[in-house]
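Each protein sequence line maps, in turn, to chains A and B. As numbered in our numbering, residues 1 to 252 make up the first sequence, in order. As numbered in our numbering, residues 1 to 263 make up the second sequence, in order.
If you're looking for bench data, these hints aren't it; they were derived computationally from the structure. Glycine included, C-beta positions come from ideal geometry on N, C-alpha and C. There could be a bad hint or two in this list.
Claimed, not checked - Only pairs whose alpha carbons sit at most 25 Å apart, straight line, appear in this in silico DSS-like list of lysine-lysine: (1) K249(A) <-> K66(A); (2) K249(A) <-> K166(A); (3) K2(B) <-> K116(B); (4) K89(A) <-> K116(B); (5) K4(A) <-> K166(A); (6) K89(A) <-> K117(B); (7) K183(B) <-> K194(B); (8) K249(A) <-> K183(B).
Unchecked claim - Computed spacing ranges between beta-carbons, pair by pair: (9) I180(B) <-> K4(A): 52 to 58 Å; (10) R158(A) <-> G54(B): 52 to 58 Å; (11) V13(A) <-> V105(B): 33 to 39 Å; (12) L51(A) <-> A248(B): 27 to 33 Å; (13) E173(B) <-> L192(A): 40 to 46 Å; (14) I20(B) <-> R59(A): 25 to 31 Å.
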Amino acid sequence: MKRKRMLSFAAVVAGFALYFSLNEPNTAYAMHIMEGFLPVGWAVFWWVLFLPFFLMGLRSLKRLTKEQPETKLLLGLAGAFAFVLSALKIPSVTGSSSHPTGTGLGAVLFGPLAMTVLGSFVLLFQAVLLAHGGLTTLGANAFSMAVVGPFVAYSVYRLTVRSTGKQRLAVFLAAALADMATYVVTSLQLALAFPAASGGVLASFAKFAGIFAVTQIPLAISEGLLTVLVWNWLMVYNRQELNTLQSIKRGA
Amino acid sequence: MKIQLDTLAYTNRLRHVSPIQKLVIGIIMLCFVMVAHAPTHIAVFVWMSVWIVGYAGIPWRIYLRLLGAISLFLALSLPPIMLEITARSIAEITEQTVFIYSFGVFHVYIGVAGMKKASALLLRSLSSVSCLYFILLTVPFTEILAVLRRIGVPCMVTDLLLVMYRFVFVFLETVEQLWIAYKARGARHGFSRKMRDAGGLVARLFARTVQRYQQLSIGLAARGFDGDLRVVASSHAFVSRRYAAEAAAVFLLLVALEWWTGR
Chain A
1 MKRKRMLSFA AVVAGFALYF SLNEPNTAYA MHIMEGFLPV GWAVFWWVLF LPFFLMGLRS
61 LKRLTKEQPE TKLLLGLAGA FAFVLSALKI PSVTGSSSHP TGTGLGAVLF GPLAMTVLGS
121 FVLLFQAVLL AHGGLTTLGA NAFSMAVVGP FVAYSVYRLT VRSTGKQRLA VFLAAALADM
181 ATYVVTSLQL ALAFPAASGG VLASFAKFAG IFAVTQIPLA ISEGLLTVLV WNWLMVYNRQ
241 ELNTLQSIKR GA
Chain B
1 MKIQLDTLAY TNRLRHVSPI QKLVIGIIML CFVMVAHAPT HIAVFVWMSV WIVGYAGIPW
61 RIYLRLLGAI SLFLALSLPP IMLEITARSI AEITEQTVFI YSFGVFHVYI GVAGMKKASA
121 LLLRSLSSVS CLYFILLTVP FTEILAVLRR IGVPCMVTDL LLVMYRFVFV FLETVEQLWI
181 AYKARGARHG FSRKMRDAGG LVARLFARTV QRYQQLSIGL AARGFDGDLR VVASSHAFVS
241 RRYAAEAAAV FLLLVALEWW TGR
């Protein structure tokens, strides 16, 4: 009996080890809910929740481009930059590598409203060019990654700068917490769509959040560190380029 | 740097069929899959694969590889849905279980109901992915944009997407070049060194982005840019009667199948 128990314990450990080692390279896009994964009701629900934010962002961008037409080009290029950033591989604190989401850096550089629009477009491109994520689940993914992420990042950044005056700490917290917020919202979206048989939505949320935590917390820390390094580089060498962005940020 | 899905969208055999026709078929099937049930899911998956491999002429190896990548992702997403954790005693777990493991007061188990839920989800995801692939592999992004413009999506959206699409490939190539340059100077090992390199790379990419913007805005201003990007959409697309007939006929059959099995 004891032997059997040992064996089953070993099997469970091996199962988890295999699961997480396979999962690690995919962590990048683990926060994308794939096509067809959400039941139709929830897919529509998240679309409806996401659209007002998107339209609000779009309206603020329209106002900006009316004053200065070339801002439109800058926004388009910023979007392409955000897409390529999310396709990069960065080293992770766990030793493997993964993709950054770029929401933290984007929100600090371009402002949260602009990042909502650009982030949604990045997700659309990921769905259409790379088949990561999907069209029916775009609403849910955009809500967690392009609405909650940037707004958390920007408010954390502003609050930290105002209360401590430390730029680097603010940038680190903004990027790391944006990732964490995205991951919590995605877990919530999955928990709502797939409540556990015993314990309902709360138990299910604990389950999803617990499993994702293993890969997402190291990822959030790595992205925070990367964003600080990028920030340092930009502050030292690229002041002039950063000033160009003023035309976008004024509107946000 | 090439993105394979994008290349295939421009070179497949359905390239000259009207993008509206292909999008209508793909999107209607996608919506249909969302409300349909298991037997219909399998039928949709098979039919969409016939479109992709048979009619669009995408090599089956490539299609299988694309599906393989998605299946791995899907396989990793399913265990969290199947696993149930409870602190109640074993006797209180009323449903049938296929696997149970206890540590302390907690029991981790997979129930028959959870397995059923997961397999239904697997089928729905796979069949909707096949519809998504049909759109991605047969309709180039520029044609999706042209359709969006025609149906009245604000020009702010289509213009931004146009500029993004144009520069995504430029920047992917830039990153590749920057990365080669870093490596040529001796890319470093160890976590903090690697991180520093990656940070430098992103900062350089950002500087290039702003430079590109300055070049582009000067270039466009010289040509009288006033806020609208006007592009000529010349296409030789035609609406194929044969495909329309097949799509309509099979769709009706699928609806009948769904009605029959879904009762």
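Here is how each hint holds up against the structure:
1. K249(A) <-> K66(A): 15 Å, holds
2. K249(A) <-> K166(A): 20 Å, holds
3. K2(B) <-> K116(B): Distance of about 40 Å is beyond 25 Å: violated.
4. K89(A) <-> K116(B): 37 Å, violated
5. K4(A) <-> K166(A): 56 Å, violated
6. K89(A) <-> K117(B): 34 Å, violated
7. K183(B) <-> K194(B): Holds, at roughly 11 Å.
8. K249(A) <-> K183(B): 35 Å, violated
9. I180(B) <-> K4(A): 52 to 58 Å: Since the Cβ atoms of I180(B) and K4(A) sit about 55 Å apart, the hinted range of 52 to 58 Å holds.
10. R158(A) <-> G54(B): 52 to 58 Å: 55 Å, holds
11. V13(A) <-> V105(B): 33 to 39 Å: Since the Cβ atoms of V13(A) and V105(B) sit about 19 Å apart, the hinted range of 33 to 39 Å is violated.
12. L51(A) <-> A248(B): 27 to 33 Å: Holds - the Cβ-Cβ distance for L51(A) and A248(B), about 31 Å, lies within 27 to 33 Å.
13. E173(B) <-> L192(A): 40 to 46 Å: This hint holds: roughly 41 Å between Cβ atoms.
14. I20(B) <-> R59(A): 25 to 31 Å: 29 Å, holds
Comparing the model with each earlier hint shows violations of hints 3, 4, 5, 6, 8, 11; every other hint is respected.
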